[in-house]
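Using the sequences and the hints given, assemble the complete structure.
If you're matching them up, the sequences are chains Z and Y in order. Under this note's numbering, the residues of the first sequence are numbered 1 to 111, in order. Under this note's numbering, the residues of the second sequence are numbered 1 to 114, in order.
Any given hint might turn out to be false.
[Claimed, not checked] Restricting the straight-line Cα-Cα distance to at most 20 Å, the calculated cross-link-like pairs of lysine to aspartate or glutamate (EDC-like) are:
id, chain 1, residue 1, chain 2, residue 2
1, Z, 98, Y, 56
2, Z, 3, Z, 66
3, Z, 52, Z, 67
4, Z, 3, Y, 30
5, Z, 52, Z, 66
6, Z, 98, Y, 30
7, Z, 98, Y, 38
8, Z, 69, Z, 1
9, Z, 98, Y, 59
10, Z, 98, Y, 102
11, Y, 14, Y, 38
12, Z, 3, Y, 59
13, Z, 98, Z, 31
14, Z, 98, Y, 95
15, Z, 52, Y, 102
16, Y, 9, Y, 73
17, Z, 3, Z, 82
18, Z, 98, Y, 73
19, Z, 69, Z, 31
The set of hints was computed from the structure by calculation and includes no laboratory data. Values in this document were obtained by computation on a predicted structure and should not be read as measured data.
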Amino acid sequence: DAKTTQPPSMDCAEGRAANLPCNHSTISGNEYVYWYRQIHSQGPQYIIHGLKNNETNEMASLIITEDRKSSTLILPHATLRDTALYYCIAHLNFGNEKLTFGTGTRLTIIP
Amino acid sequence: NAGVTQTPKFQVLKTGQSMTLQCAQDMNHEYMSWYRQDPGMGLRLIHYSVGAGITDQGEVPNGYNVSRSTTEDFPLRLLSAAPSQTSVYFCASTEAGRAYNEQFFGPGTRLTVL
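In structure tokens, the structure reads:
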């Protein structure tokens with residue numbers, strides 16, 4: 001998995017959009033960008049993934065730059081329950097099931 | 001579906017003791033893995049399995065054994081516990097070969113070795 005770089009912490013006001021950046025300048029052409037989050041001390045939870053197109057699901061949106069060297073996870077209307085540790089992972093989809101977790105971004109939603 | 005279950009939730013051991021952390025999944029996933037998480041660090045892969053009877057080492061395998069006799073179960077054995085193994089242990093599973101790698105994690109086992 002390519003190395004990813006994330007800010008160690010961020011704050012966001014409740015109800016506002018939370019934008020979490022991730023740098024993956026050495027990502028290879030067939031590596032996807034995955035986002036997981038870990039709420040308090042629970043196991044990590046899958047959020048979203050993408051290759052080069054922007055993606056949206058019921059939890060979040062993922063914006064990947066055209067050169068694929070960085071991406072942003074967007075939580076459109078952050079709630080207190082979104083306070084968590086967010087991991088950005090660059091990962092091959094097939095033949096390589098192991099995920100490499102970095103230290104992530106600790107997002108705190110402020111009431 | 002119960003998903004991925006882990007037992008026990010908490011465990012305290014003395015140095016030199018052995019124990020087995022249990023992990024089970026009811027989703028018929030081929031791929032299972034064990035991670036440990038230390039304070040301020042990301043998850044690190046200990047061992048993984050791509051199917052019954054097949055296991056392999058991850059990033060930090062020393063001091064741990066695994067076996068996979070069934071698709072459902074993937075126990076992690078600590079042979080002789082050391083204080084350096086104090087950590088939170090997570091088991092995960094995923095369906096091999098699916099379109100994307102969504103791993104399902106258990107709630108974790110918090111282990112303290114004195």
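* Output the numbers, in ascending order, of every earlier hint that fails for this structure. => 4 and 17
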